[in-house]
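J.: Listed in order, the protein sequences are those of chains A and B.
Residues in the first sequence are numbered consecutively from 1, following the working numbering.
Residues in the second sequence are numbered consecutively from 1, following the working numbering.
Errors might be hidden in some of the hints.
[What the hints assert, rightly or not] Which stretches of chain A does chain B cover? Using the computed rule of at least three CB atoms under 8 Å from a CB of chain B, they are:
hint, stretch
1, 23-31
2, 92-103
3, 123-135
It is worth saying that the hints were derived from the structure and are not from the lab.
Where is the CB? At the ideal position from N, CA and C, for every residue including glycine.
Read off the chains here:
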Amino acid sequence: MIRYLLTVLALLLVAFILRQFVPVLPQFYDARLFLVPLVFICASVTLDVLGMLLLSFVCGLLWDAQHTILPVVGDVEVYPEVSETLKFGYSIFLFAIAGFIMQGVQPVFREGKWQVSVLVTGVALFFYLFVEWMLLSFVRGHLVFTTDTLKFIFYSSVLTMLFSPLVFLILFKLAKLYQYRIRYEGLRKGRQIY
Amino acid sequence: MKPLTLFALLIFLSAGTWVLTWSPMTVRKVQETYYKAIGPFLQSGSKIEKFSRDFVREVEHSENLQRKLEAIQADYGELKIIEGRFRELERENVQLNQALGFQKRTTFDVKAAKVIKRQPSTWWDTLTINQGEKSDVGTQLTVLAEGGLVGRVDQAFEDISNIILVTDESCQVSVYVEGSPEKGILSGEPGEYGTTPLLRLRYLSRNAAIQKGMKVFTTGRGGIFPPDIQVGTITEVIPGSYESEAMVKPSVDLQNLSVVFVLAGDDTVEQVEDPEP
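Bound-form chain B, shown alone (with noise of 0.2 Å):
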């Protein structure tokens, strides 16, 4: 080898074991950087990829469509019955907190984001919406979809902000399950591609009285996610000899996310010491 060639190697070496030492502040830093620049781009690219997405969509799907928007036209009309009834029952529940003298709990609000950008990443359940430090949007906050939770805002730059999804293996969630007292810990399973992948629930006591179709919510606990959102549906219990585990189906469709909200001050996160479900 010629020494030149050795000399740069050195250096180069050095460089990129000093690059591997740089603090997360420093690497947010060149994050913001790279973002700022990139940005513009990575708006107009998003005009692309939707277009390419919307025609292989409309080849697949263009037989179904119509039977699609039948089945969504009724499930609309359904939803606005139980919309009605909801609005009842919320309007009954604060008056009934307010009798009780029960501590008002922060109201969700929201603010709605398009997602400009899906599959930013190679092996991160990631997508990139259109609201960034300019609205508000902050790191770490929680994203909503309409059924439930999506993931959190894992960085926020001027105008974008990238969010990572529940289906990534590095997005766990403390939840509970409905109508039993089994608490868990819920994240996505690596390597699933296609169809919604499903996520596994860890941590569940041996004979965990829990059952397929049963719902997933959010506990609050832990200091990541607000209480008493939904997450998925059980879709397999497994039994295992310490600890039972199950796999639950997202409530979101997250192939196909459009808008999305992000859950602005949700002062709610790490007050909640350990509610019943």
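One chain only, chain A, in its complex shape (with noise of 0.2 Å):
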């Protein structure tokens, strides 16, 4: 379990280093892959509580520390409005919120319905986006959403989802490699069980 869960944490770094990599669709309301909150909710799926909870909290705060923007103060005179942003870690939680979202469908996908979980993955992270919008619109003082922002969010969803059997094929062979049991039933008889 600790070598498997040391090993998914190095995985999301990579991911913080492939992300650099990743561009934008801008064909697409500048839609791309989540990389990053892909490999947490991927990997939240096959690990306990705790290890979501770990995985949750170094994910927020390096995702944090390349997003987070601090509010300038000009003169108040001049500029009656401060437009207000959240506050740095707001997205431990939002990612421990996703990790439950996952954990809920870990019975089904431990009986190895995996479909069940990729399509989990797209929701997860459409909620995600979701409210992480809703939040910094409601901290600016309205609740604007409109039709490009539902655009952005979907077609980010949906491209970082179909990349979803591909992290979950790397964890499996983690796991194996690892001797880390994340099935337990609905396989065939005979075959190993990870």
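Assembling the complex is the task here: the two chains are given apart, and the hints tell you how they should meet.
T.: Put into structure tokens, the structure is as follows:
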């Protein structure tokens, strides 16, 4: 378990590096492959709650380190409204919620029905991005949700979801390598279960 | 719920809440450490992104390239003429200022930087450039490009800096409308993608005497941007009961930026009291 968890953490760090190489798709409302959330979401279904929480803490911390923008306060007589932004660390909780969504489908996943988890990966990412946008919108004093935003979230979620079988495959290989048991039931007799 | 899980959850909530209480200085330090580690990969990643963007652009616009080149050549010739006239006027202006004993304003001292990453953030309009503290690029400095204002430096690290674009909702600019007494605050609109988003100019007077096509410049008030930098052109005026608003098209093509200029030592900021438009 420990070795598997450490490897998943390392995989997450690799995802942080690889995401620097992932371009956005301007034709699809700047949609992109959310590699880090993808690895986190896929990994969280294979881990227990403790491992998932540790992963969400590390993931959220690094995610915010890359993304957080601090508000600029100019002269209040000229700029009466300060554009608020989200506090550093909010992603830790958002990742944890997405992780708990994946934990909800863990019984099905352990039966060997990974296809369901692939779909829920898309749902979890959609939820993550939607909540993040709404939070940001809320702290800025309005609740705006445009069609463009919906399209951005939708295309990004679908694109990311399409890559999830690949991440699951890597996780299964890692589990096999470190003899960490992911699946319990639903597999054919006589076949080694991981 | 198992006691161990409950205990872990409590630890997690405490740790998460502790992170939320971090001061901006601590956050900057964490970000600095992160960017120091990720910096080399960011530089390499930009090459792949550039290749990918160039490829897509090539496929999309190959038919128009020749036409655009011809148009650019024509514009270039025109601009050379305008530049010649501008230099002449600049010289004349300096001479007149000296003659009248005006305090000489600091001329723009800019540092060129290459855009190495576009839209690294999910929701914020930002980009990353290949100049940082080593090149005296510091936080809050104004960033320009051919055409006018691009944004400001949000974070400056050793070799790279993050720029927040003028199209982002959190980037507010105090501006005036050329040829009118109107002043207002310009900021980006949330949730816009695709073509260059429009900016919203607020706090104009109810019967603002402005119209489509008028140019918008920074006032220099408020301690963030220096004065008289072009920001955009009015595309629509929206009259209101108490105050009017206007939509402004940025003067810089922010979708296709490859080189920007960081304005160093802009000591005109905060000194300008209330420049007449």
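J.: Each hint: holds or not?
T.: Going down the list of hints, with the structure as the test:
Interface restraint, the stretch 23-31 of chain A with chain B: holds (6 residues with C-beta to C-beta distance below 8 Å; minimum three). With a threshold of 8 Å between beta carbons, the proposed coverage of the stretch 92-103 of chain A by chain B holds, since 3 of its residues qualify and at least three are required. Only residues whose C-beta sits within less than 8 Å of a C-beta in chain B count toward coverage, and the stretch 123-135 of chain A has 3 of them, enough to reach three; the restraint holds.
Comparing the model with each earlier hint shows no violations; every hint is respected.
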